[in-house]
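**Student:** Chain by chain, the residues run as shown.
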Amino acid sequence: MSLDAIGSVGGSHAPGEAGYLSIEALSKHHGAARSVDSLSLSIEKGELVALLGPSGCGKTTTLRMIAGLTPATSGRILVAGNEVTAVPTHKRDMGLVFQSYALFPHLTIAQNVAFGLEMRRLPRVEIRTRVAAALEMVHLSGREDRKPSQLSGGQQQRVALARALVIKPSILLLDEPLSNLDAKLRDEMRNEIRDIQTRLGITAVFVTHDQVEALAMCDKVAVMEAGRLSQVGTPEDVYERPANPFVASFVGRINRVAVEGRGNNAVAFQDQLFRTEHSVIGPATMMVRPHRVAIGTDDGARSGTANSLRGHVVRVTYVGDLLQYDVDIGGTSFMVEAATRGIAAAFRVRDAVRLEWQPADTLVFGAAP
Amino acid sequence: MNAVPGAGASRRAVLALLFPIMLVNLIGFIVPMLNLGLLSFKEALTGGGIGEKFTLANWVTLVTDDFNRELLLNSVGVSLAITVAALVLSYPIALYIQRAEGLWRSILIVLVISPLLTSAVVRTYGWVVILSDQGGLPSLLNAIGLTAPRMIFNTTGVIVGLTEILMPYMIVSLLAGFGRLDPRLEEAAATLGASPIQSFWRVVFPLTLPGVALGCLLVFVLSVSSFITPKLLGGGRVFLLATEIYDQAIVTLNWPLAATLSILVLVLFGLVLVVYGRAVAALD
Ligand SMILES: Nc1ncnc2c1ncn2[C@@H]1O[C@H](COP(=O)(O)OP(=O)(O)OP(=O)(O)O)[C@@H](O)[C@H]1O
Ligand SMILES: [Mg+2]
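Chains A and B, in that order, give the protein sequences.
One point on numbering: in the working numbering, the residue at position 72 of the first sequence is 72, and numbering is uninterrupted.
Every number in the working numbering is 1000 more than the matching position in the second sequence, counting from 1.
Bound-form chain A, shown alone (with noise of 0.2 Å):
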């Protein structure tokens, strides 16, 4: 593999540089099933980390681990160099916001948010100002004495994350905690979050589906497949220097071509070289995000180090900022993004295009000469 030397993947972590939060060699194993699966997680403390991955891949069973809801087949859980494997939920001081809300459906929204507090035996004037703040914050003050039942799904998340938050937990577990919210309440609601994070210093783990979401909000991003962790990193890192084709495709589109190792900084598909900042021999998988891919009219001309290739539209995508071209390669579809510019699309179906894009875009995952 030509990027191993990318991100800190699970378990790589140096002896004594433990974080706050330190998840080590976790399991949970349903019968022969692996959930979860050996999974090392090291997270500072007042970082939010990211948790993404496909579903079903163990999000919600980690969270669930760390939080101390389901006991952990092996494994450890240190929180700020004391293990808590065994430790009773009730005493982790950890807020978990659950994928499927979980309010008290006998208690009215301020009761809900109050539960928390209640159970802190914070003063009663206390309990209402902080209850007060927290519905303001998601949008929610007027609605304190009405039922669960009587708020729409966003309304009924939002409060579940104001019950969550009010506490002012260590660690904060939030689990696709804005699924269900419209897009700018989502934005805004993000933003509320990561401001309490930051503010109160707390350490927080956040699972989404949303890629963007956890490129945008988060200090690093995990990202998991099938119970095990693929790559932990920046945005950056995970995004630019993807440690697998899976990461690479999970976090953004991104085209997949199959190639040929050549060594030297090369691999061939139909006869072409292309450059590119890694050594691989043998077959190979080629991968580039269309976005970095330049599209224009197939003059013949070339730029010198640019790696390019000719073919034809065949399909146009208008998405508001974004027109996405699927251009057929000789029997392979290639996807290009391209921001709009007016109302006409630059190219039709049939034209035929040069694609363009540079050696540093051209990620390459295969065998190391």
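For the record, the hints were derived by calculation from the structure and aren't laboratory data.
Every residue gets a Cβ at the ideal spot worked out from N, C-alpha and C, and that includes glycine.
Treat the hints loosely; a few may be bogus.
Label pairs and their in silico Cβ distance ranges [what the hints assert, rightly or not]:
#	chain 1	residue 1	chain 2	residue 2	range
1	A	H30	B	L1015	45 to 55 Å
2	A	R143	B	V1014	32 to 42 Å
3	A	A133	B	P1183	24 to 34 Å
4	A	R143	B	L1015	38 to 48 Å
5	B	I1113	A	H30	29 to 39 Å
6	A	K45	B	P1183	25 to 35 Å
7	A	G31	B	G1179	26 to 36 Å
According to the in silico footprint, chain B covers these stretches of chain A (three or more CB under 8 Å from chain B) [as the list claims (entries may be wrong)]:
#	stretch
8	114-125
9	181-192
Dock chain B with the ligands against the given chain A, drawing on the hints supplied.
**Tutor:** Relative to the frame of chain A, chain B with the ligands by itself:
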């Protein structure tokens, strides 16, 4: 266009569908009840006869006669004790079944319901064997050096027997009312810092109240109206409304007094239903 299309037609359909059960209720319940009501204002003659004249005598004795007042208080007291005992004993069982899964849950539910397949008479005789002076439980207590209190032919026996006999109804009602209970809610409470005990009283118990109300209603009503078990386990020494009605109607042949006591029971049930209705409304 109507706000609700065909509302009139659907109401007629509802009435048509309800008609058979209304007819059955009219013939099998309303008419006999009116008859009983009428009977309670008739004069009782010696030897089981019923006088022609209307009189308030039966109702007056109900209020003035200490024995009748004691009957009412006894019945309510014993039934309340049975209801509470059945609730306390059934609640953990119901909660456990609610949390069981798959085949195990089905097996447990069948186990709970299976006593209902046996007649209450047979089960009561089972308790006679266990509770009688030479029976299982007193012998056991004596064997380990305790003096066993008398447990049969007194109120204790009636409460023990009826509690066990009515427990299946309580468990099934509790399970029916546990619908809103979701293990996620207890987990949520735990993440908010609630200990298991706090979580039980703040989350689990309030959510099970509909089941508790239903079970208590059912068991209270059933225990006020059961007479075979009190008769056998009370040995004629425990005086309750149901047993007294039976005695007045079958032994003493004082039908007007039996009718009066029956109406009293009906009024009692009406009051209980009102309390239940209020409780359920308050829970929502
Ligand atoms: N109690 C259980 N018994 C058996 N398998 C389970 C159990 N709970 C979860 N799993 C399995 O573990 C895997 C991980 O589940 P998990 O809920 O953690 O996924 P997830 O990453 O949160 O998915 P999603 O994004 O859809 O919420 C799934 O394949 C699931 O079927
Ligand atoms: Mg999940």
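**Student:** Report the numbers of all earlier hints that the structure fails to satisfy, in ascending order.
**Tutor:** Of the numbered hints given earlier, the structure breaks just one, which is hint 9.
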